[in-house]
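Trainee: Start from chain A and add chains R and Z according to the hints.
The listed protein sequences correspond, in order, to chains A, R and Z.
Going by my numbering, the first residue of the first sequence is number 1, and it counts up by one from there.
Going by my numbering, the first residue of the second sequence is number 1001, and it counts up by one from there.
Going by my numbering, the first residue of the third sequence is number 2001, and it counts up by one from there.
Calculated from the structure, these hints are not laboratory results.
Incorrect hints may have been included.
With the Cβ distance kept under 8 Å, some of the chain Z side facing chain R (calculated, not the full set) [as the list claims (entries may be wrong)]:
(1) S2039
(2) K2078
(3) R2281
(4) G2316
(5) N2319
(6) L2368
Some residues of chain Z that are not near chain R, with every Cβ distance over 10 Å (derived) [to be verified]:
(7) G2061
(8) R2520
(9) P2624
Short derived list, chain A residues pointing at chain R, Cβ under 8 Å [stated by the list, open to error]:
(10) Q419
(11) L500
(12) A517
Don't be surprised by glycine CBs; every beta carbon is placed ideally from N, CA and C.
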Amino acid sequence: MLGVCYYPEHWPESWWADDARRMRDLGLRTVRIGEFAWSRIEPEPGRIEIDWLRRAVDTLGAAGLEVVLSTPTATPPKWLMDAHPEIAPVDEDGTVRGFGSRRHYTFSSSVFASEAARIAEVVARSLGRHPAVVGWQIDNEYGCHNTALSYGDTDLRAYREWLRRRYQSTEQMNEAWGNAFWSMELRHFNEAALPVRAVTETNPAARLDYWRFSSDQIVAFNRMQADIIRAHSPGRFVTHNFMGLFLDFDHFACGADLDLATWDSYPIGFTERFPFSEEERNAYAMTGHPDMAPFHHDLYRAVGRGRWWVMEQQAGPVNWAPWNPVPRPGQIRLFTWEAIAHGAERVMYFRWRQAPFGQEQMHSGLNLPDNSGLSPGGSEAAEVARELDAIGPLPAPTLAPVALVIDYEASWITRIQPQGATFNYGELAYRWYEAARRLGLDIDIVPPGHDLSAYRLVLAPSLPYVSEVALNAFKKTTAEIVFGPRSGSKTRHFSIPENLPPGPLAELIPFRVVEVASLRPGLTEEVKGRISGQVRRWREHIACEKEFAEAAFADGMPAMIRSGRFSYLAGWAEIDLISAVLVAAAERARVATTSLPASLRLRRRGNLKFAFNYGSEPVELTFPPDAAVLGSSTVPPSGVTIWRED
Amino acid sequence: MLGVCYYPEHWPESWWADDARRMRDLGLRTVRIGEFAWSRIEPEPGRIEIDWLRRAVDTLGAAGLEVVLSTPTATPPKWLMDAHPEIAPVDEDGTVRGFGSRRHYTFSSSVFASEAARIAEVVARSLGRHPAVVGWQIDNEYGCHNTALSYGDTDLRAYREWLRRRYQSTEQMNEAWGNAFWSMELRHFNEAALPVRAVTETNPAARLDYWRFSSDQIVAFNRMQADIIRAHSPGRFVTHNFMGLFLDFDHFACGADLDLATWDSYPIGFTERFPFSEEERNAYAMTGHPDMAPFHHDLYRAVGRGRWWVMEQQAGPVNWAPWNPVPRPGQIRLFTWEAIAHGAERVMYFRWRQAPFGQEQMHSGLNLPDNSGLSPGGSEAAEVARELDAIGPLPAPTLAPVALVIDYEASWITRIQPQGATFNYGELAYRWYEAARRLGLDIDIVPPGHDLSAYRLVLAPSLPYVSEVALNAFKKTTAEIVFGPRSGSKTRHFSIPENLPPGPLAELIPFRVVEVASLRPGLTEEVKGRISGQVRRWREHIACEKEFAEAAFADGMPAMIRSGRFSYLAGWAEIDLISAVLVAAAERARVATTSLPASLRLRRRGNLKFAFNYGSEPVELTFPPDAAVLGSSTVPPSGVTIWRED
Amino acid sequence: MLGVCYYPEHWPESWWADDARRMRDLGLRTVRIGEFAWSRIEPEPGRIEIDWLRRAVDTLGAAGLEVVLSTPTATPPKWLMDAHPEIAPVDEDGTVRGFGSRRHYTFSSSVFASEAARIAEVVARSLGRHPAVVGWQIDNEYGCHNTALSYGDTDLRAYREWLRRRYQSTEQMNEAWGNAFWSMELRHFNEAALPVRAVTETNPAARLDYWRFSSDQIVAFNRMQADIIRAHSPGRFVTHNFMGLFLDFDHFACGADLDLATWDSYPIGFTERFPFSEEERNAYAMTGHPDMAPFHHDLYRAVGRGRWWVMEQQAGPVNWAPWNPVPRPGQIRLFTWEAIAHGAERVMYFRWRQAPFGQEQMHSGLNLPDNSGLSPGGSEAAEVARELDAIGPLPAPTLAPVALVIDYEASWITRIQPQGATFNYGELAYRWYEAARRLGLDIDIVPPGHDLSAYRLVLAPSLPYVSEVALNAFKKTTAEIVFGPRSGSKTRHFSIPENLPPGPLAELIPFRVVEVASLRPGLTEEVKGRISGQVRRWREHIACEKEFAEAAFADGMPAMIRSGRFSYLAGWAEIDLISAVLVAAAERARVATTSLPASLRLRRRGNLKFAFNYGSEPVELTFPPDAAVLGSSTVPPSGVTIWRED
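With the rest of the complex left out, here is chain A (with noise of 0.2 Å):
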């Protein structure tokens, strides 16, 4: 279930034979390479290189590994952009973002699709029936280095091609937008400007398109280079390794072109960035933050329908976050043992070896960039594969008894109109996940819209703009719903529905909110009643019935509102509240809860139950003597332990 990075164009290919055969003995039984090799595969325009990546393929394949192809478009070589120069992105400034590191294009670019699909063609048609290649990835970490997302000429002519086939009529645009405000109402497409770089803010239902269009975009290059290898790759699957922390594009849409989704996991530069309190980052700076790749996992088992891997695991310290600590012994084998309890069919370790040259020379792999041998973190992963062999093998990931709803335009509304400086959904959305799972639940994340007659409760945090097909979904199951602030708030042209929020949902519990309020840092709402706890950052003035209000903040409004099995939370609710709206949630759904230790969290795979320590303390389970079928009752930190419950 092990695999690791590789790339061979960074070595001398005397030492492939050697990499490949220490990979095989070290436990590990995938590859992938190519994914940065565009400057090698074609040194100059027209001139393909190909043998030596077919050597490379060869020497894994005989070796025994496995090996996933990757083809190279993050990386156009400086002789394409010096050709095309407009195939680069330009910021939000209008600065354009030149050649130099990778990712420097513009999904708007025809000239770079074309591009892009030749290279494809070439690499796919050269090895795609190579007998050791098992997929493919496409490109790379679309949207890393906030790419998801160009403002140049070229994006505005795609975007006015994507308004016209939207909305046929400027008639209709004018009126989807509203734009009899401010005198925005435009007379031919090619009068839409770019919804950047104005005096002030620039209409919140353009800024949507934008998003949504530049989203298409991504999903839309995907597909393309998907259609070209299977045409040249048969049998072999598809997939793409997304970021981690990263909501610019809709991963949905995009993995539904995928075979499986694998995505890039490093937890402890992901907790740096994430806005956790100063405490949290200190607490969890050598382990990462418990929910950081479980979160993620989880994410991406929806993306993949429920085929996923980890791509790239990180093996050691990284050079990208602001800080970069050494993780904590134990943990590197912890972030492998976790993604398989949450299902991953692998964990490819980034990357063989350290890089002694290039930007992330500072960035760990499973052997120290000296070739001496195995860095602390390739030990580590040397010890799973030991522990995987031993242990045989897993059952079957099952789905979870309880459903989060994540909806990507959800985050692109709440950033185009916050409304209050520190309404994050990403944040909104996590933090949910982590009540639940301090609870001891096992999560399935799930797109809005989704099936979700088969869970018992399911959350939204937070989804703005509430779809027919989501709409239903939520009609259609039995189970307990709850929703988080600002669900229902939007129509999907980003206007204030007219029944006023929550607009469709309405349906489900009878209230309108008549007035929200964003509240500074040192403000805090109390909240009592049935559930009780605190509120910041956000809440709502609600009118409604007073039979269905569950609790009330100190001014006598409704805080909770519910109406038999739907519930509507009226704020941001601190983790607290969260986690006693989520026991009465549950309790009514019939599912059990516990409650862990802050650092200590619980995953179940099949009929095997894992348990993972963040905490610098040990942690004490309990489960029969006979059951342990790794490590013991007490869990020491960075530790796992699985057992079996029958």
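Mentor: Below, chains R and Z without anything else, positioned relative to chain A:
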């Protein structure tokens, strides 16, 4: 005395008559319309569609409402921007600020000036004699979104012309600016550069002139429209709605061409933006700081030479501050009464109905966006209307005993050359105002040079450049005058005066500022003497005869100097020290002071006395029981009490 | 030993003679002039007006003053910029940095180089043999205002030429830079791009080369002017006035072409800018940090190979720091004596008279701007002049026992690749210097590779790239040597050494750095062993034989390693830990240390010993009563004591 802002172009025409009727029923008398409707008035270049606007005026007039019409020049339509891209303003970094929101024009564009004249004439000629039209608003919130200054080629050309007119010869300009410094001498006016985007700081004299040039342009643009309106709409007043917290151009100069001044009052949002402490921001998050609206009321009374309105009164949460809470119950009523207490002729709420679309969809109005009825703020407006009706005609406002000198150039000079990062003129002036108001004083704001003979106490928190006319006004009055730091520290051409600061003020108080110290936030200087307290941020080292020193710093140097009725405070005083200075000066001036609770404010209008409670606890007042006009001697939080003082 | 900076072009010619006489009377001997006077020397292209400057030199010379003349190349006039816009530098974001202040040229511009050569020759030829002229300053503060690096088309062309010369072939450059990474391989030198404005981080090897290229250009520009001056002004020294706190180009390389080095000493402003704690900034707001001036004195003594001046000595408040306090009484005198104690040949005050106009009008001088007499700083300068006169000739400076290795490339490397956001080379070196000075040690700063045989203790706070010549210098001396973190961690081409860090230093101490951890501000690591203390910000995971570990982290890994006279400290030590390391090393080196109060510093010059009190309390010294040369054994705040040690 109440009115509202209305956007007929946002609603079906079939709603208009009902809206008008409901406005009347609510007690509103005046309606402002049209200020962003260019794309509806001229949907294609040259195709004028004014009939809908006439029907709107007809409908409002038929309901008995007075109409304030606006010129729509704040939102030139896209077709105009595409035809003349040079209309767009350019920011300090050189980025063009394009179409997509509002105020996307530079005052330097002669093309835009003639287009603005054309559309203003169209509207004024078409509706200027309509019987329902009582007045005009020109454009909307000049300078808002940082648009008073623009830095493009168009601006540079206009600036060079302005310089040529001002200086006649480059020799005079070189001399005035001190261009011998750093080889900045110019040979021709067309060598003059924009004072931005240089390697480091540009010449402060040039920067001050650029600011004056920019302010002059706004004044000229405003006067041009005023002339057109007056030609076509005889007998109607002409005004502009100024934006609060805004010192980027000279409002007094602009006001000289208006019949009355109006301003847009959003005290809660402004409180979030003003450099208050976090404690103050938390305490007044839902009420606004107690001096925020009053300061502006008193300022715009001066700008309108006695005549002023609130053109936009916050009626609930807004959308543009970092955090936007719901105002505390009663606060919209309080704001309205407070404006009236300070002498407003009209208080116009913004806006009739919350728009469900566009950039301001989260900005509340008197009605909810679903048209289901009044918002909470709407209900408070109705309450004020009833109260006004019950009370009947109010006495005319009278002059205050205290004048506070506000100077726009003082703001420009100290921003161009702060010398200490925390020296902020707007904040300083506000803190002096606050200190005086916490002593129960009514205040008239005046520009430098204004006749001061009617006042007993004059405060000049800082007046770096003291013109001859300003000096004469100080000399001619018999009032007690207190000057704050940096007064008299600059000449007209941004030099240090030949006799050192306080320059011409040395004629009034004999001293010299030898050195100045800006103090980092960690540093405090104690002041002791006839008055005492603390200085932070700024202190001056002063040479003077001992007899003039009223108080000294710890090192013995003078902190407060006085010669007869002229005092000078040689530092940035904390509020307790300002208060001590004011109490002493008021005593000498025989103006009574009273120390109010921190969150209570008083204001007289004729023989009526008003109390406003911004705090969270009730406040007890003492007055004869039968003197009460509104409320009682207990003022609840967000409460208003009015009583008669004979 | 004292002098002053003077701007005859700022004052009426009728004042010059009186100014000169007053300078002499004050005790000044030397005057610098002319460094910004291009527009006066050449008011129109080609029209040279040098007579006024000759008369100024005549006047100063007639008063018995020595003149240092300057080339005015830091301020090209507007007519030159208009004729050749490509002279302007370009910032990292691509914005042209235009006319309006100073240093508005890029060193890459060949047009500017020839114009600079032309004007330098004009001045040198005209006045180079004037008997009053004793030396020359070239240009002014290279690199100030972030002008060492420029990123425009002109720069790109020059950079490509530099690369061509350095690498001969793109194959060698691709190999050196590791361009196989991310498809960065180039086919021609004219494909090389500026290492900025890419999507994310560019290649660190390319960035380091861009920095070297930029530094080389400054060195070449300086040498070009030095050659011209020497040709026309025989027997006069040539210098440049370097700016403090500035590591953007190699001052040692530039100093090699000068006869002596000078620097501009503004310790109070620098203290505001340096990354001190808020506590330190508050404590030393009015004195500057006790090591700020001394560190630079010792640095520029090295740059001038023993000969150095303070070219601009702060004489009162400055105008350019965020806050600019008035120096504490006595502090200007202290600064002057401290420079002398460290061996300055001249201390030149900036400036004779405060200018009432221009960008620096808030920058004090020896005289007030109103010409009424000396400023407080001016009076202190007069006091030093009298004291110097009374004391008579001072002994020659001698070598210190301790050498501190400062490397400009170390700063570039760690800024290009901080790996931890708080790793700041300049700060690290300063903290080591501070720790040594607080132990009473005199320090010589030296560049890597400098002959170390005369020293007993050598400190290298961090030396990432250890060249062969640097390694040999370490090997050849018998001194005790302490290396700090990251030493030996990079090759010349910014790669990890083949044998892992410390690369070539492993020859001196046998260990390997296996992993490195950067620590967020909340994290601390305890060090215990023969020395103990705390590490923050950075720690390394080291593999070595147990015998070499002098101290360990809590997890048992080595924190301090020693092999004979070579030690290595594996983290960013807090000052107590640095101190413990230094005490132990000094003891082995038989260098005496003494623990000074935090705000006191000592310095020897020949047989004289100086004490400087930066604290707010008097400090008692112990020395024989008859040894006192200046002051007494009680050193008051801002006081200086000198005594004889025989």
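Trainee: The structure should be examined with respect to each hint, and the outcome stated for every one.
Mentor: Cross-check of the supplied hints:
no.: 1; hint: S2039; verdict: holds (4 Å)
no.: 2; hint: K2078; verdict: holds (5 Å)
no.: 3; hint: R2281; verdict: holds (6 Å)
no.: 4; hint: G2316; verdict: holds (6 Å)
no.: 5; hint: N2319; verdict: holds (6 Å)
no.: 6; hint: L2368; verdict: holds (6 Å)
no.: 7; hint: G2061; verdict: holds (22 Å)
no.: 8; hint: R2520; verdict: holds (24 Å)
no.: 9; hint: P2624; verdict: holds (35 Å)
no.: 10; hint: Q419; verdict: holds (5 Å)
no.: 11; hint: L500; verdict: holds (5 Å)
no.: 12; hint: A517; verdict: holds (4 Å)
Comparing the model with each earlier hint shows no violations; every hint is respected.
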